[in-house]
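Following the hints, complete the assembly by docking chains B and C onto the known chain A.
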Amino acid sequence: MPAVQETIDRVKAIDVDQYKYGFETILEVDKAPKGLSEDIIRFISAKKGEPSWMLDWRLDAYKRWQTMKEPNWARGSYDVIDYNDIYYYAAPKLNAAPKSLDEVDPEILKAYEKLGIPLREQEVLAGVEPANRVAVDAVFDSVSVATTFKKELAEAGVIFCSISEAIREHPELVRKYLGTVVPVTDNFFATLNAAVFTDGTFVYVPKGVRCPMELSTYFRINEKNTGQFERTLIIADEGSYVSYLEGCTAPQRDENQLHAAVVELIALDDAEIKYSTVQNWYPGDANGKGGIYNFVTKRGDCRGKNSIITWTQVETGSAITWKYPSCILRGDGSRGEFYSIAVSNGMQQVDSGTKMIHLGKNTTSRIISKGISAGRSENTYRGLVSAHRKASGARNFTNCDSLLIGDQCGAHTVPYIESKNASAVFEHEATTSKISEDQLFYCMQRGLDEEEATALIVNGFVKDVIQKLPMEFAVEAQKLIAISLEGSVG
Amino acid sequence: MLEIKNLVAEIEGKRILDGLSLTVHDGETAAIMGPNGSGKSTLSYIIAGKEDYEILDGEILLDGENILEMEASERAAAGVFLAFQYPLEIPGVATMTFLKAALNAQRRAREETELTTPEFMKAVQDAAAKLEIPRDMLKRALNVGFSGGEKKRMEILQMALLQPRMCILDETDSGLDIDALRIVSEGVNALKSDKRSFLVITHYQRLLNYIVPDTVHVMANGKIMRSGGKELAEELEANGYADYKAQEAA
Amino acid sequence: MAEVATLKTPAETALADLFARSKSLLPGDARSREDAFHRFAEKGLPHRRVEEWKYTDLRALMREIAPLAEKPSEAGVARALSVESVFAAAEPATIAFVDGHLATADAMPAGVTAVPLAVALAQGHPLLSKLGAVSDAEGNAAYALNAAFMTDGVVLHVTGAVDRRVALRFVTAGAQPVATATRVLVVVEPGAAISLLETHESPHGVAHQPNSVVEFVVGDRAKVAHVRLNANGDKALALSTLTAHLGGEVAFGSRNVVAGSAVSRHQVWMTFAGADSRGAVRGATMLSGDQHADTTLVVNHKATGCESRELFKHAIDGRGTGVFQGRINVARGAQKTDGQMMSAAVLLSEEGTMNNKPELEIFADDVQCAHGATCGELDDDLLFYLMARGLPRPEAEALLIESFLGEAVEEGLDDEVVGEALMGVVEAWLAARG
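Protein chains in written order, with the numbering used here: chain A, 1 to 490; chain B, 1001 to 1250; chain C, 2001 to 2434.
Honestly, the hints are just simulated from the structure, not real lab data. Hints should not be assumed to be uniformly reliable.
[To be verified] Okay, derived cross-link-like pairs now, EDC-like style, lysine to aspartate or glutamate, Cα gap no bigger than 20 Å in a straight line:
hint, chain 1, residue 1, chain 2, residue 2
1, C, K2302, A, E113
2, B, K1005, B, E1065
3, A, K463, B, D1136
4, A, K361, C, D2380
5, A, K390, C, E2351
6, A, K361, A, E427
[Unchecked claim] Residues from chain A that keep clear of chain B, each with C-beta distances beyond 12 Å, as calculated:
hint, residue
7, K34
8, L109
9, K150
10, F188
11, D254
12, N256
[Unchecked claim] From the structure, some residues in chain A lie toward chain C, with a derived Cβ separation under 10 Å:
hint, residue
13, D79
14, Y83
15, S386
16, A387
17, S402
18, L403
19, G406
20, D407
21, A411
22, S419
23, S423
24, H428
25, T432
26, K434
We put the CB at the ideal spot given by N, CA and C, even for glycine.
With the rest of the complex left out, here is chain A (with noise of 0.2 Å):
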């Protein structure tokens, strides 16, 4: 057929040239040596100006991840890590700690501009609607530069800043929960960000307080032969609501780049935490040369009875994305949700789903990706659902449907379904198609050329998805997802 011939040829020629945030920005930087010691945890630790248990913390994870080994189960293959080549700690040269923007690098603030990201409170206010308004953390490789919109939420109460300045200002809740849902034992990567994590999002929402704006993370990396390691950590407390949105981006670079982010969120009686993740690091050349290795943990505590946390994600980006964003179902009528899209193309390596874990009674659960596989990518749905002995009336509802553009990529289906409950009721399906050539013909037929109609079908297919992204960046999402298989859609 002709039309899937052009199409694979288009695949072949893909180019990354479409990822529209590969620029680097040029600016004095602060950096530790490379490599990775004692003295450099000791280092990082200092220029945060961590009081000593946060430092302890992490002499003691570092002590552990010694005696870890790498994993290799996922299926995935990259060249061997040097961790001692890498670079744990850089910093664009500030004033210690702005005050405001004006004191942030220009240079930085342009590339956020370039990014399309509001950092000045005016601009965003300027002709929005009080309720659309999103609050910024960007967190420029090492450190946060700047968070928006801090007064404001710090009158409802909610606590959003930089995760160093949490730890200074607000100890008491980062001991409290910091570790509580992730381990620091974990897994490989999670140990070594509890070693080395540098900077990211804390958010606490108070009791009984819906937060009034959207929050977000935007993760830049800039700096070549730097890991990211950011934390993010966020707390709502009983019957308080938050929805968050992350973002992240990373020049077009030759070489690959380690990105071993932790998430933890934990969620007490009847609260609810949306968090949404829009994921475009670079995901390297046609040949799979360079690009972002995202290997990440994220997890989700619903520790109160009734509460909710659903994740979104739309995962495009990343040469090697490793991630599974997972609920753990503890309190009674807790409720987890995860949407994901993931969208591979060139040589792109996803390996992407979730882990519900039904712990308490009358937990229900829900899982809904989405893979698109194009190029010669390869691209996995994993996932495990669980019920525990006690998880009475536990409920899961699991659809996964693969799209395949081209026949030199793959798409793999590895659930684990495990229960131990009679009353726990599990639904799992899972299909693998292709867009027909002749629902293809229908839309030409109507006027729409190859890519507008491969567009408008693959909309449909993840529309289940979109649907669950705050507004604003449903469309911001579409148009990655169009634009992250440009090339292959004739």
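This is chains B and C only, laid out in the frame that chain A set:
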């Protein structure tokens, strides 16, 4: 309007069209009738630009211009519309979204300005009302879960909205009950004008009681065997296609 | 890995000793047995950190190694076969094995010849070159152990359309635990057809360790209907492997009913090597007490236009644990593949466990593949409906379980007599459940 000259086409080495010639004038409604397997649907796909077929000879001219090298979407923008015998389902894509995408793509191709949302909504709702298409159907995913009759009405709605010049109806009557047939036919008849032509492909004469043709062509063995006025359809209804099948066997 | 060799468990050491003692007494080429044992010994008994054995930790489940069974006496054979076979009503031509050795054999019907495996191994029978046609099984622990220890079995050569059913009956007898290793090779020539019944029996209360392998090599346009019943005793540890190498335009069907064993693991590798074939694999498992049953299935689509259908049902009572691992692989180029796999389980008690792992691994774009998995209890509404019609709860439950399992037990089986015999096994299990 449409001129097909000595068209020869094959699929997977099998000859489907074998020197077919046909002319449809501006404002004319032409019917093509023929036994099953005579290549009627293939003809409609080839005019619309489906890529599965190998064209060995001949031309298809739209207002004197050969359209064989054009993509399906370009032909659509040039005014060719095919009402499918089996309209496709597109999960997750709201009917309204699809209609707007199609209409604006065609307008862009013709370098016309795109319709604003209110203009578009009004155009769709007017057309939908005439075809007795309820509003909630427009919000549902295109053709997904629609009955056979609903799908056919949706085809005619698209035709009304896109305002093509050359409308091809492929077995539009198949699967329709008498009420749906009436609604669909009225929808088509309302679109008739001296600038717009129709090519109605059907196995049965029944549809032609509702959409009255100016000319009737009998197709068999991949070519037009006989042409005449609307009385030819009645003759076929009475005698069947036996004469033409006999030739096929010969 | 070097460190594994030094970490030998007592069971692994016992297996090595057993092999060293037995190998010179076993029929055929000792070299290939040594190679097979070496393949096993390299990795040892698989445990939970070996992905394919995640849910069936053989290292933990197989702590004792039973001695290899000796050839039984005539009286022993007569005693072992005195119980009527489940499939007696189907009047098959039967070859019976007791304690892993050929015991009795009916004359084979036209279109099929049988050579005892021990004879074939000793002679170097040419058809034995077809063993291992599905190479994926080679490194598997159960398969490698079978290859190292196999005592007997049969080579069936099917050359025409066989009009009488053929049955293979494997009985492990005796009051002391023994291990058996049997191997069956079925070579079906192009256009031939056979219906093969296979039963595995052993007494309750004895921890026998049967390990059986059946390999099908199916030629173009051939038809195979295979039915297997695991009716081992409640203490048995039963390992079984089925491989099927399918040519073009084949119609292949295999189903396995598990009604016995303390621990069982049934492994299936089905490979579509020729175009436009159909393969269906089904299974029904009934568990109670502390029973553990694992079905691990790999379907390899390597040719175009093939259709595979997999359906597995588990009814789990007591503290039983059911495992289903199924993977559909579609190789690059295996376009127009249509693969569908379904696993459904009902948990009938508070303490049952079901582990499902249905996988898809797709490298071709023009395919339709789907899998589904469900787990839950009996439908309350249906139960209520039946009880409202006057059925007492146990009967209502039995009826629902029977219809639930029936889909995998008798549906799609073009053989009423065999279907009835299998449903008889289900009914007996339900009756014992009370």
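Against chain B, does K150 (chain A) hold up as non-interface, every C-beta pair farther apart than 12 Å?
holds (38 Å)
Given T432 (chain A) was flagged as interface, is its beta-carbon under 10 Å from a beta-carbon of chain C?
Since chain C brings a Cβ to about 4 Å from T432 (chain A), closer than 10 Å, the hint holds.
Tell me if the straight-line CA distance from K361 (chain A) to E427 (chain A) falls inside 20 Å.
Cα-Cα ~18 Å, so holds.
Over 12 Å to the closest beta carbon of chain B is the bar; see if K34 (chain A) clears it.
holds (48 Å)
Does the CB of G406 (chain A) sit less than 10 Å away from some CB of chain C?
Since the shortest Cβ distance to chain C is 6 Å, the answer is holds.
How about A411 (chain A): closest beta carbon in chain C under 10 Å, or not?
Interface hint status for A411 (chain A): holds (5 Å vs cutoff 10 Å).
When the nearest CB of chain C is found for H428 (chain A), is that gap smaller than 10 Å?
holds (4 Å)
Consistency of the no-contact label for N256 (chain A), given chain B and a CB cut of 12 Å
Since the minimum Cβ distance to chain B is about 35 Å, N256 (chain A) lies beyond 12 Å and the statement holds.
Looking at L109 (chain A) again, its CB stays over 12 Å from all of chain B?
holds (35 Å)
Does the closest beta carbon of chain C sit nearer than 10 Å to the beta carbon of S423 (chain A)?
holds (6 Å)
Was the hint right that Y83 (chain A) lines chain C, CB cutoff 10 Å?
With a closest approach of 23 Å, the Y83 (chain A) hint is violated.
When you check the alpha-carbon spacing of K463 (chain A) and D1136 (chain B), does it fall within 20 Å?
Distance ~18 Å between K463 (chain A) and D1136 (chain B) Cα, so the pair holds.
Hint check: violations occur at hints 1, 13, 14; the rest are consistent with the structure.
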